[in-house]
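S.K.: Note that the protein sequences, when read in sequence, are chains A and B. For the first sequence, the working numbering assigns the number 21 to the initial residue and increments by one for each residue that follows. For the second sequence, the working numbering assigns the number 46 to the initial residue and increments by one for each residue that follows.
Just so you know, the hints here were simulated from the structure itself, not pulled from any lab data. Note that beta-carbon positions come from the ideal geometry of N, C-alpha and C, so glycine has one too. Please note that a few of the clues may not be correct.
[What the hints assert, rightly or not] Below are the PhoX-like pairs computed for lysine-lysine, each with C-alpha atoms no more than 20 Å apart in a straight line:
1) B:Lys134 / A:Lys744
2) A:Lys463 / A:Lys383
3) B:Lys146 / A:Lys744
4) A:Lys368 / A:Lys467
[Claimed, not checked] Per the computed footprint, the stretches of chain B lying under chain A, defined by three or more beta-carbons under 8 Å from a beta-carbon of chain A, are:
5) 74-87
6) 107-121
7) 128-140
8) 158-166
9) 172-180
[To be verified] Pulled from the structure, derived: some chain B residues nowhere near chain A, Cβ distances all over 12 Å:
10) Leu52
11) Val53
12) Pro61
13) Ile67
14) Phe93
15) Tyr99
16) Lys146
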Amino acid sequence: MTLSAPILFLLLLAVVSPWWVARSRMSFVVAGGLLHLGIAGHYILLLSGVAGGGGMPAENGADFFPTDLIEWSFLGTAWGLMFAALVSGIGLLVFLYSAGYFGATPKGIRFFLPLLAFEAAMLGVVLADHSILLFLFWELTSISSFFLIGFLHSETTSRWNAQQALLVTGTGGMCLLAGFLMVGTEWGTHSLEAWRGMAVAGREIPMVALALMLAGAATKSALFPFFFWLPNAMSAPTPVSSYLHSATMVKAGIFLIGALFPLFASSAGIMGVIVGMGAATAVTGLALGWVQTDLKKILAYTTLSVLGLLAFLLGLGTVESVRVAVLLLLGHACYKAGLFMAAGAVDKATGTRDLRALAGLAKAMPALWIVCLLLGLSAVGFPPLLGFLGKEYGYGLALPNKGLSLGLSAFLFLANLTMMVLILRVAVKPFRPDAALEAPGVKAIPKLMMLGPAVLALAGVFLGLTSPFLLSPMVGAVVSGIAGDGADYKLALWHGFKPALYMSVATLVGGWFLYKVAVTYGKQNVVTRRLGFAENTYTAMVKGLMVGAAATTGFLQSGDLRRYLHLFFGGILLLVVGNWWVSGFGVARLFASMEPVPLLEALLVAAMAFGILLVVLTMSRITAVLGLAIIGLGMAFLFARLGAPDLALTLMLVESLTVVLFIYIVHGLPKIRNITKPPGRIFDACLSLGVGGVMALLAMKAQSVQLHPSISGTLNEWSYTLAKGKNVVNVILVDFRALDTMGEITVIALAALGVRLVWLRKSEMKAKGGKP
Amino acid sequence: MKSHLLLVASRFLSWPFFILSIWILYRGHNLPGGGFIGGLVGASGFLFYDLSGYGRPKQGFFSLKPFSFLTAGLGTAVLSGLPGLLAGKGFMTAFWLPGFKLPLLGSVHLGTPLVFDIGVYLTVIGFILLLADTLAEEEKL
Numbered sequence: 021m022t023l024s025a026p027i028l029f030l031l032l033l034a035v036v037s038p039w040w041v042a043r044s045r046m047s048f049v050v051a052g053g054l055l056h057l058g059i060a061g062h063y064i065l066l067l068s069g070v071a072g073g074g075g076m077p078a079e080n081g082a083d084f085f086p087t088d089l090i091e092w093s094f095l096g097t098a099w100g101l102m103f104a105a106l107v108s109g110i111g112l113l114v115f116l117y118s119a120g121y122f123g124a125t126p127k128g129i130r131f132f133l134p135l136l137a138f139e140a141a142m143l144g145v146v147l148a149d150h151s152i153l154l155f156l157f158w159e160l161t162s163i164s165s166f167f168l169i170g171f172l173h174s175e176t177t178s179r180w181n182a183q184q185a186l187l188v189t190g191t192g193g194m195c196l197l198a199g200f201l202m203v204g205t206e207w208g209t210h211s212l213e214a215w216r217g218m219a220v221a222g223r224e225i226p227m228v229a230l231a232l233m234l235a236g237a238a239t240k241s242a243l244f245p246f247f248f249w250l251p252n253a254m255s256a257p258t259p260v261s262s263y264l265h266s267a268t269m270v271k272a273g274i275f276l277i278g279a280l281f282p283l284f285a286s287s288a289g290i291m292g293v294i295v296g297m298g299a300a301t302a303v304t305g306l307a308l309g310w311v312q313t314d315l316k317k318i319l320a321y322t323t324l325s326v327l328g329l330l331a332f333l334l335g336l337g338t339v340e341s342v343r344v345a346v347l348l349l350l351g352h353a354c355y356k357a358g359l360f361m362a363a364g365a366v367d368k369a370t371g372t373r374d375l376r377a378l379a380g381l382a383k384a385m386p387a388l389w390i391v392c393l394l395l396g397l398s399a400v401g402f403p404p405l406l407g408f409l410g411k412e413y414g415y416g417l418a419l420p421n422k423g424l425s426l427g428l429s430a431f432l433f434l435a436n437l438t439m440m441v442l443i444l445r446v447a448v449k450p451f452r453p454d455a456a457l458e459a460p461g462v463k464a465i466p467k468l469m470m471l472g473p474a475v476l477a478l479a480g481v482f483l484g485l486t487s488p489f490l491l492s493p494m495v496g497a498v499v500s501g502i503a504g505d506g507a508d509y510k511l512a513l514w515h516g517f518k519p520a521l522y523m524s525v526a527t528l529v530g531g532w533f534l535y536k537v538a539v540t541y542g543k544q545n546v547v548t549r550r551l552g553f554a555e556n557t558y559t560a561m562v563k564g565l566m567v568g569a570a571a572t573t574g575f576l577q578s579g580d581l582r583r584y585l586h587l588f589f590g591g592i593l594l595l596v597v598g599n600w601w602v603s604g605f606g607v608a609r610l611f612a613s614m615e616p617v618p619l620l621e622a623l624l625v626a627a628m629a630f631g632i633l634l635v636v637l638t639m640s641r642i643t644a645v646l647g648l649a650i651i652g653l654g655m656a657f658l659f660a661r662l663g664a665p666d667l668a669l670t671l672m673l674v675e676s677l678t679v680v681l682f683i684y685i686v687h688g689l690p691k692i693r694n695i696t697k698p699p700g701r702i703f704d705a706c707l708s709l710g711v712g713g714v715m716a717l718l719a720m721k722a723q724s725v726q727l728h729p730s731i732s733g734t735l736n737e738w739s740y741t742l743a744k745g746k747n748v749v750n751v752i753l754v755d756f757r758a759l760d761t762m763g764e765i766t767v768i769a770l771a772a773l774g775v776r777l778v779w780l781r782k783s784e785m786k787a788k789g790g791k792p
Numbered sequence: 046m047k048s049h050l051l052l053v054a055s056r057f058l059s060w061p062f063f064i065l066s067i068w069i070l071y072r073g074h075n076l077p078g079g080g081f082i083g084g085l086v087g088a089s090g091f092l093f094y095d096l097s098g099y100g101r102p103k104q105g106f107f108s109l110k111p112f113s114f115l116t117a118g119l120g121t122a123v124l125s126g127l128p129g130l131l132a133g134k135g136f137m138t139a140f141w142l143p144g145f146k147l148p149l150l151g152s153v154h155l156g157t158p159l160v161f162d163i164g165v166y167l168t169v170i171g172f173i174l175l176l177a178d179t180l181a182e183e184e185k186l
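Could you build the full structure based on these sequences and the hints that come with them?
M.R.: Right, here's the structure in full:
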């Protein structure tokens, strides 16, 4: 249980959290904080064990699920454990931040349930070794994200955005499942570790499966063209944005690409698509972020571009580019989560997140200013902070024999330059004095809200400085776990006077200059308008779905009883007769094997036919009910004659009771009228006769075909020997198939409730004086 | 439309019908009958009062409400499945007491299927009564 125990603990804490927080908030925060601390430490220790050359911790609880399709099996790869450490470590800070953010409000009581459930699910995603298990956790992250984005559920936009995120990532999740199932069926195992081994060994993978899995990853990580849900997800409370939508969940797609790297890497085409999607996402994020004024939105768009860069780097597929991706991911998780929390603190203190209203906060919030500065410096890649490594190594990428290095360097340079401007707008602009703007008034913020950003800022400094010793082995293990090589590479902060260094300096200087001159926020331009197409397509699809659903419902649920019967019987007729048409039915053979009908039974059938005519032709409801009773009783006699006394008894009772119940309402019913004209009536008659005839033929066919050996003899025997009953019908009902009967009586009870509810609604309307 | 004659008749008929229904319920295991049929017959005992137009008594057994029957029925049915679950043999596995002889009934076998059948019986009664009540009130609207 070394890997999955924290998941279970977190789920348990999630379930009890509403009660616990409501009773005693302080003790919940302390206990939850300690639990997180323990979990984070646990995973970091496991990670350092793997990085130190130890074997990967594995866990296989094969008996956890009573089916073969899914297994409770986990494997701590270096890549997965690095994510687990990030998820639980940042989880600790977000947990404490949330406690401060919500304080003792009712919102704070229900917030921790989805948050902790998400955390557990995310850990499951990164540690699961069984693909279907991974999918299960993957969906749970989508669902908990849905609840968190829509947390402020009284706002329409929140609900819309939550639904959008769920639909986009959920559709991707379905693709992912299909891809998993395809590979799993083809290769005969669902273990991801086995998959990696088989892919490395050169086993062929269905292209469709790869595309489906990539679709899952791309929707989750908001890659182009699915990027639009992520900025909209900013309607979630800030702790959520900081945690799910920058540091962890949106990286699940990146995680998947890394976890299944050998599979994706086996196809140059797929890798090309990943590179293309990544680059497009990076450009889109920056282009759209360029004009934003909301602090959180700016951060969301820079997150988007980093996600794009990560996919781009993984897609390049060399050991070096994977190393850059890992470094970039680590740095980004730390500084971006911190910046989000800081933006939330600014929002809490000033009441606004609008860039145009924020300036000069440094005086009133000096501590936050220093924290933001450190986070921002890490983000722009200032040495020797953690963010520097990702950028410096990125510039150091030279793709051997691909002739891309110049274009690649230019792309990275421009991306970093733009990103730096956006980061400075968030981390510096609100704090520096501005001649044209007065500093807004500032409220005190809870201390717990300062802890998270401060710790992450210091982590950026500490991890950056110690990277050659502390991070080196870990990054090496992660990189070699993904790309199969590069374990013994040593990270360094100083590489000598090389082009990478010049580019870093140029980025910092150029970025600062551009930040000063380009005051572009709040001004839409032609590019940003064009990029709205992705979301517009989504909106059109959702609206189309609604219109289509309304039209279908309007057609099928017209409220006209005749229409229902037409559709229902017409459908049966079409399906059954169509099937016979195709498969050949042989009606003549059925009649050939018929035996002569005894006189008594023929008379009963004649009586029933009389009843039918009575029902169809009469203009009095009482007569019609009596006609129906004749049919029913005739049927009951037939049952009795043919050796089914139980059925006969039941049918008789039901017939009698129906008549009794009908007596109640017969006064209230309108007179029978001829609504339809003769042609319509002829059509109805033909349809009824057709369906009746088809059902009769079907019954005869069922008699003449024996697909499986009959079980009646066995049941008769078992009835007495096993179930101690001589009445086999009853024994089947209450013993052999008791669970079915259980379902049936539940349905009976529900039907009764339904009748009651319909009536209650009607009487309520009547009481209000409205029309029922 | 009230009939005093039917009201008097129902006082005489309801109990015999009810006892008859219990007998049908019990004999179902070996002979035609069982919870479903028994329930229908048992409900008829109640419906005599309804037919008379005076409604069911305000006190006593026949004043029991449909929801009581529905709840008791579903509850009994679920309970009958628990012994199997507790014994680790799966929900609804049958368990029987050793058979014994009674003067009037002959050899008697009691077991969880019978308990389950009682659940069916009660649910069916509740169902019919709830329908009847609703329709009766509908008539008054």
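S.K.: Run every hint past the structure and note whether it holds.
M.R.: Cross-check of the supplied hints:
1. Our distance criterion of 20 Å between C-alpha atoms is met by B:Lys134 and A:Lys744, whose separation comes to about 18 Å.
2. The hinted pair formed by A:Lys463 and A:Lys383 meets the criterion: a straight-line CA distance of about 13 Å does not exceed 20 Å.
3. For the proposed pair B:Lys146 and A:Lys744, the alpha carbon gap of about 15 Å is at most 20 Å, so the pair holds.
4. Proposed proximity of A:Lys368 and A:Lys467 is supported: the alpha carbons are some 12 Å apart, at most 20 Å.
5. Against chain A, the stretch 74-87 of chain B contributes 11 residues with a C-beta closer than 8 Å to a partner C-beta. That satisfies the three-residue criterion, and the hint holds.
6. With 4 residues carrying a beta carbon less than 8 Å from a beta carbon of chain A, the stretch 107-121 of chain B meets the three-residue requirement, and the given coverage holds.
7. Judged by the Cβ-Cβ criterion of 8 Å, the stretch 128-140 of chain B is covered by chain A as claimed, because 3 of its residues qualify and three suffice.
8. Residues of the stretch 158-166 of chain B lying with their CB closer than 8 Å to a CB of chain A number 6, which satisfies the three-residue condition for coverage.
9. Only when three residues or more bring their CB closer than 8 Å to a CB of chain A does the claim for the stretch 172-180 of chain B stand; here the count is 7, and the claim holds.
10. The claim that B:Leu52 lies off the interface holds: its Cβ sits roughly 16 Å from the closest Cβ of chain A, which is beyond the 12 Å cut-off.
11. No beta-carbon of chain A comes within 12 Å of the beta-carbon of B:Val53; the shortest separation is about 19 Å.
12. Remark: the non-interface label on B:Pro61 is consistent with the geometry, its nearest Cβ contact in chain A lying 16 Å away (cut-off 12 Å).
13. Listed as outside the interface, B:Ile67 is consistent with that label: its C-beta sits roughly 15 Å from the nearest C-beta of chain A, beyond the 12 Å cut-off.
14. At the 12 Å boundary, the C-beta of B:Phe93 falls inside the reach of chain A, the nearest C-beta of that chain being 10 Å off.
15. Distance to chain A confirms B:Tyr99 as a non-interface residue, since its nearest Cβ pair spans about 14 Å, more than 12 Å.
16. The non-interface label for B:Lys146 is consistent with chain A: the shortest C-beta to C-beta separation is roughly 15 Å, beyond 12 Å.
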